[in-house]
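**Student:** Here's the letter readout for the chains.
Number of protein chains: 2
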Amino acid sequence: MSKFKIKVYPDGIEGETEEKNTIMKALEELGVELETLCGGAGWCGQCMVKATGGISSPTSNEIRLLGEDKIRDGFRLACQAKIVGNVDIEVPAETRAYMQRILTSGTTIEDAKLNPAVRCSNIVLSFPSLEDQRADLERIEDAINREMTSVKRELLMNLPKVLRDNNFNIEAIFYNNELIEIRRPKNKLLFGVAVDIGTTTVVAYLLDLEDGKSVDVASSMNPQAKRGADVISRIDYASKGGLEELSTIIREEINTLIYELCNKNNIETQDIYDMTVVGNTTMLHLFLRVPPDYIAISPYIPVFSKSLTVTPKELGINTNPNGRCYLLPNISSYVGADTIGMVLSTGLYKEDGVKLALDIGTNGEMVLKDNDRLFSCSTAAGPAFEGANIHYGMRGARGAIDHISIDDGELKIHVIDDVPPIGICGSGLLDAAAVMLELGILDDTGRIVEPKGELFKDLIHNGSYGMDFVLKAYGKEIPINQKDIRELQLAKGAIRAGIEILLEEAGRSIDEIDTVYLAGAFGTFLSPESAIKIGLLPSLPLDRVKSVGNAAGEGAKLTLIDKGYRSIAETTAKEVRYIELSSRKDFQEKFMDAMYFEFAK
Amino acid sequence: MSKFKIKVYPDGIEGETEEKNTIMKALEELGVELETLCGGAGWCGQCMVKATGGISSPTSNEIRLLGEDKIRDGFRLACQAKIVGNVDIEVPAETRAYMQRILTSGTTIEDAKLNPAVRCSNIVLSFPSLEDQRADLERIEDAINREMTSVKRELLMNLPKVLRDNNFNIEAIFYNNELIEIRRPKNKLLFGVAVDIGTTTVVAYLLDLEDGKSVDVASSMNPQAKRGADVISRIDYASKGGLEELSTIIREEINTLIYELCNKNNIETQDIYDMTVVGNTTMLHLFLRVPPDYIAISPYIPVFSKSLTVTPKELGINTNPNGRCYLLPNISSYVGADTIGMVLSTGLYKEDGVKLALDIGTNGEMVLKDNDRLFSCSTAAGPAFEGANIHYGMRGARGAIDHISIDDGELKIHVIDDVPPIGICGSGLLDAAAVMLELGILDDTGRIVEPKGELFKDLIHNGSYGMDFVLKAYGKEIPINQKDIRELQLAKGAIRAGIEILLEEAGRSIDEIDTVYLAGAFGTFLSPESAIKIGLLPSLPLDRVKSVGNAAGEGAKLTLIDKGYRSIAETTAKEVRYIELSSRKDFQEKFMDAMYFEFAK
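Sequence order for the protein chains is A and B.
Under the working numbering, the first residue of the first sequence carries the number 1, and numbering increases by one thereafter.
Under the working numbering, the first residue of the second sequence carries the number 1, and numbering increases by one thereafter.
These aren't lab readings, by the way, just hints derived from the structure by calculation.
It is possible that some hints are incorrect.
Unchecked claim - Listed next, the in silico DSSO-like pairs over lysine-lysine satisfying Cα-Cα at most 27 Å (straight line):
hint: 1; chain 1: B; residue 1: Lys-306; chain 2: B; residue 2: Lys-113
hint: 2; chain 1: A; residue 1: Lys-306; chain 2: A; residue 2: Lys-152
hint: 3; chain 1: A; residue 1: Lys-3; chain 2: A; residue 2: Lys-20
hint: 4; chain 1: B; residue 1: Lys-313; chain 2: A; residue 2: Lys-306
hint: 5; chain 1: B; residue 1: Lys-350; chain 2: B; residue 2: Lys-574
hint: 6; chain 1: A; residue 1: Lys-240; chain 2: B; residue 2: Lys-152
hint: 7; chain 1: B; residue 1: Lys-188; chain 2: B; residue 2: Lys-50
hint: 8; chain 1: A; residue 1: Lys-152; chain 2: B; residue 2: Lys-313
hint: 9; chain 1: B; residue 1: Lys-113; chain 2: A; residue 2: Lys-313
hint: 10; chain 1: B; residue 1: Lys-226; chain 2: B; residue 2: Lys-240
hint: 11; chain 1: B; residue 1: Lys-574; chain 2: A; residue 2: Lys-152
hint: 12; chain 1: B; residue 1: Lys-7; chain 2: B; residue 2: Lys-70
hint: 13; chain 1: B; residue 1: Lys-161; chain 2: A; residue 2: Lys-574
hint: 14; chain 1: A; residue 1: Lys-152; chain 2: B; residue 2: Lys-152
hint: 15; chain 1: A; residue 1: Lys-161; chain 2: B; residue 2: Lys-306
hint: 16; chain 1: A; residue 1: Lys-152; chain 2: B; residue 2: Lys-240
hint: 17; chain 1: B; residue 1: Lys-574; chain 2: A; residue 2: Lys-161
hint: 18; chain 1: A; residue 1: Lys-313; chain 2: B; residue 2: Lys-313
hint: 19; chain 1: A; residue 1: Lys-161; chain 2: B; residue 2: Lys-313
hint: 20; chain 1: B; residue 1: Lys-152; chain 2: A; residue 2: Lys-306
hint: 21; chain 1: A; residue 1: Lys-188; chain 2: A; residue 2: Lys-113
hint: 22; chain 1: B; residue 1: Lys-152; chain 2: A; residue 2: Lys-574
hint: 23; chain 1: B; residue 1: Lys-306; chain 2: A; residue 2: Lys-152
hint: 24; chain 1: B; residue 1: Lys-306; chain 2: A; residue 2: Lys-313
hint: 25; chain 1: A; residue 1: Lys-188; chain 2: A; residue 2: Lys-161
hint: 26; chain 1: A; residue 1: Lys-476; chain 2: A; residue 2: Lys-412
hint: 27; chain 1: A; residue 1: Lys-240; chain 2: B; residue 2: Lys-161
hint: 28; chain 1: B; residue 1: Lys-412; chain 2: B; residue 2: Lys-546
hint: 29; chain 1: B; residue 1: Lys-240; chain 2: A; residue 2: Lys-161
hint: 30; chain 1: B; residue 1: Lys-161; chain 2: A; residue 2: Lys-306
hint: 31; chain 1: B; residue 1: Lys-152; chain 2: A; residue 2: Lys-313
Fair warning: this is a prediction, and the values are worked out from it, not measured in the lab.
Make the full structure from the sequences, and use the hints.
**Tutor:** Structure (structure tokens):
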């Protein structure tokens, strides 16, 4: 058999191939992979290339899918066109397999491929006749060269009308190779939503699944908060008959966000075919209306922890009812899919070295990566970092003192929106403690004491629990009292003890940690210096500490854009060794130690 | 490694096996296969055997699943117990893989194995603890040694309660390896319903899927009949807005039958987990509420022809909502799942030789088996065989003349229930024509003429369409007129022409047919002699003609009892070569020929 020469542009690759090979085969041999949905069956039209030279005549599939204009311009389907002489082939960027790299917003360190679970393809079917009496469904199966093992009745109910109204030229929507919808041609409009259900806030990201770009984001407070601020009180409420209510209101809230996103961007909810969801284990149970009761009771057993795929229809979610909704896997009752999202978006799952990722809230979830091992735990930090149980505590909103530092011997106090302060948020409290330690106003045991010198002595007042440290800004005073410091000590002690346990499990020391990722709102706004100073974080060079924003939400986006991340999530969730701190005798000791400020040294 | 001697009872097989093999392994080596749902993982308890001699101590699984009494009596789980010395093993009948042969009722020539799609297994789980915090779902997955790719939310919603209410001792219901329900232990109550949706009647069979036995049967008229007697008029009604109605009333009718079966046999509809359905292609479209419009319009395209699995929930069928409903595959728009049912229950799909199966009604569906080839067609016989369009025609009910013969020169007329006749049914009409031919009252072209002799001359009267042949019984007269004979000729001509076309396709002649199966009510009640005499059936020795009753319904039962029949049905439906008669020029000619009575000779 003859061999012919091939040149590939713009790559500049040259090579040879055997006569009658398809362009696709020839390119494959040269290491150039093409996009294809039909596996080379000739119906998806995705493997378009420009070819000049010895090429067979266009097939009917090519004429149908490319149109005569494109054919005239030299475009061909690589899976159809056969090589019959020397040939030059130009491979457009969009034809290359998974080469459309996109960068998701935020601090995601990962490039995602465009490889969504849901795909759209234009299919032109042959017309039925007395010689070709295949059923509508079988006609499609044959065209896509795939037998469908499960077919939805809804699809069949509309099938004959859609086919005939559109002259047997239709768009097929696939979800992981399963045909989920046949619709009129819509220029492949295809969207997805990534949702992060936080205990406090809900965030929804709208993504275009044809180009992988983020379209918009919407967020709101989790309406379940009125039934309890933390997961334990929500579980309690659910177990006393409130499950249906908690489930309904979070789904309605998500519908509101979806509606807002669609409305603002002029798209139809019907064109959203996929949704990915992260959240802590309790949030995901409530979302599905699955009783979370035993999460709160020792030995803390969730009903499910693996990833689940459900339909928006069964949940009453207003996206396309034939679409799907994918929940990322959880690790345990207290290390949820949000943590897995963080592991994905930080790239932790694949990084070498010793790395620590932390999401600090009422609970502190943390994952330690030690080369090919993963350890995880969750510690009940309490709500101090979120401003609760602190006398003047508040969330990081307008009027909150969020940063304090000593600059040129002067106390600098920053208030969000530069208004007279009404309280202090987690990052401010953290800074305050660091400053107090620096000034000698706080001793190693956490007792507020008068400073040795005169400097700042006027900021120490007598208060109801001992001494108060008073922050003055814009003519207002915000005192931090002894009880506030004790709350802070409990919180930082719990987190730090968790870190110590993970290190111990891995057999690693602090200075072996090469990177610390801080996720979530508190992780983004806290001062790493202060966190290290008070011993919340281990003493490490500052350049090893990185804030990664809403790492959980970014993880949800990754699994939406590239389904490959779902397998990674599932494998990772199984690989993580979860350490149950409540069953460890050494945890209480480490916790007591870590509460003291000397621990930081 | 040492080898030990094994004796198997009651088989009497003797052999050897290596030390530490499980009993299951040892038996396998000797060709004795055991029932197992868990594949030897030790949780299903189905591989119970009695063992005496050198056997390892009982495992915790064995103690849990068999109980101490059984263990004391020498019972063991073959997958758990290991061989440590010479041993005698008694294998109870119920432990043997698929050895429970049952004979379904009716004329099924096939022994079915008990191998339903739905299975129930008792599972005893370990209790959760701080050292074993697996989620409820994952605990089950581990116990059954199987990862579930799709989990229903409904299952999760009830899971924690069912587990804890029953002390982690539960029954798991699987459908084709998919876990569909976790329930309290119910002694494995497990039922299925096989439904035959005929254009005229609906039949539902209740089967016990734990022993494969038929429990009961219920039937009723198809309520769609009020919207049209035949499929074409039903399609017409559906296409004009009546689809929802036709779909709803057939499902309600099936619910009524199911309720009747459950009520009478004191079982719960919740314990019915599987349902199989046969019917013609239109009936199955209507059942699913899928528009059948294009079945009636050339080129006669159904929406689906393959087998489908749906949920009773989506159809509003009152069986267990977590169960399934399996529709057998169709061959074409006019050869439906009922024909496939017939192919299964007659064993046609596997038989050697040349065989013909016919289901004669308003349409005549027929399948010709020629060794490894299958041919099929459908002919519009018209309703004559069902008593319609015949002046005194009626269904085979009380008061219908159903059999006529000449005995000792006398005309014997049989009336159903031995009452004065009010009409004549299909089998009676067939006999009448045969008798008329024998007496020379009917000429070869189908004209009613006076007999040559005086005998029976008094039975010929002048009528409105020419001569009438008058049947007298119980003092009543039922005349058959010339138009009735023409209707009969059209009907028998269509069927016979179909047979001729199939034979021609196969390249076979009439005398090569070794068996003719006659299915359905008409097929059961007609006289094969008369059918041959008038040329409806080819001239063959009578012992080659067999009536097989409700062969379609029997086929549905087979797929319920043994899911292996589903694969056979699916493979067969694809293998059958469907001959579209309307596109064949030679059909009209053969039809014209076959209308004449001389054709029979």
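**Student:** Evaluate each hint against the coordinates.
**Tutor:** Tested hints:
no.	hint	in the structure
1	B/Lys-306 - B/Lys-113	holds (24 Å)
2	A/Lys-306 - A/Lys-152	holds (25 Å)
3	A/Lys-3 - A/Lys-20	holds (9 Å)
4	B/Lys-313 - A/Lys-306	holds (26 Å)
5	B/Lys-350 - B/Lys-574	holds (15 Å)
6	A/Lys-240 - B/Lys-152	holds (24 Å)
7	B/Lys-188 - B/Lys-50	holds (22 Å)
8	A/Lys-152 - B/Lys-313	holds (13 Å)
9	B/Lys-113 - A/Lys-313	violated (39 Å)
10	B/Lys-226 - B/Lys-240	holds (15 Å)
11	B/Lys-574 - A/Lys-152	holds (21 Å)
12	B/Lys-7 - B/Lys-70	holds (21 Å)
13	B/Lys-161 - A/Lys-574	holds (25 Å)
14	A/Lys-152 - B/Lys-152	holds (15 Å)
15	A/Lys-161 - B/Lys-306	holds (19 Å)
16	A/Lys-152 - B/Lys-240	holds (24 Å)
17	B/Lys-574 - A/Lys-161	holds (25 Å)
18	A/Lys-313 - B/Lys-313	holds (14 Å)
19	A/Lys-161 - B/Lys-313	holds (25 Å)
20	B/Lys-152 - A/Lys-306	holds (13 Å)
21	A/Lys-188 - A/Lys-113	holds (19 Å)
22	B/Lys-152 - A/Lys-574	holds (21 Å)
23	B/Lys-306 - A/Lys-152	holds (13 Å)
24	B/Lys-306 - A/Lys-313	holds (26 Å)
25	A/Lys-188 - A/Lys-161	holds (20 Å)
26	A/Lys-476 - A/Lys-412	holds (14 Å)
27	A/Lys-240 - B/Lys-161	holds (14 Å)
28	B/Lys-412 - B/Lys-546	holds (24 Å)
29	B/Lys-240 - A/Lys-161	holds (14 Å)
30	B/Lys-161 - A/Lys-306	holds (19 Å)
31	B/Lys-152 - A/Lys-313	holds (13 Å)
Of the numbered hints given earlier, the model fails hint 9 alone.
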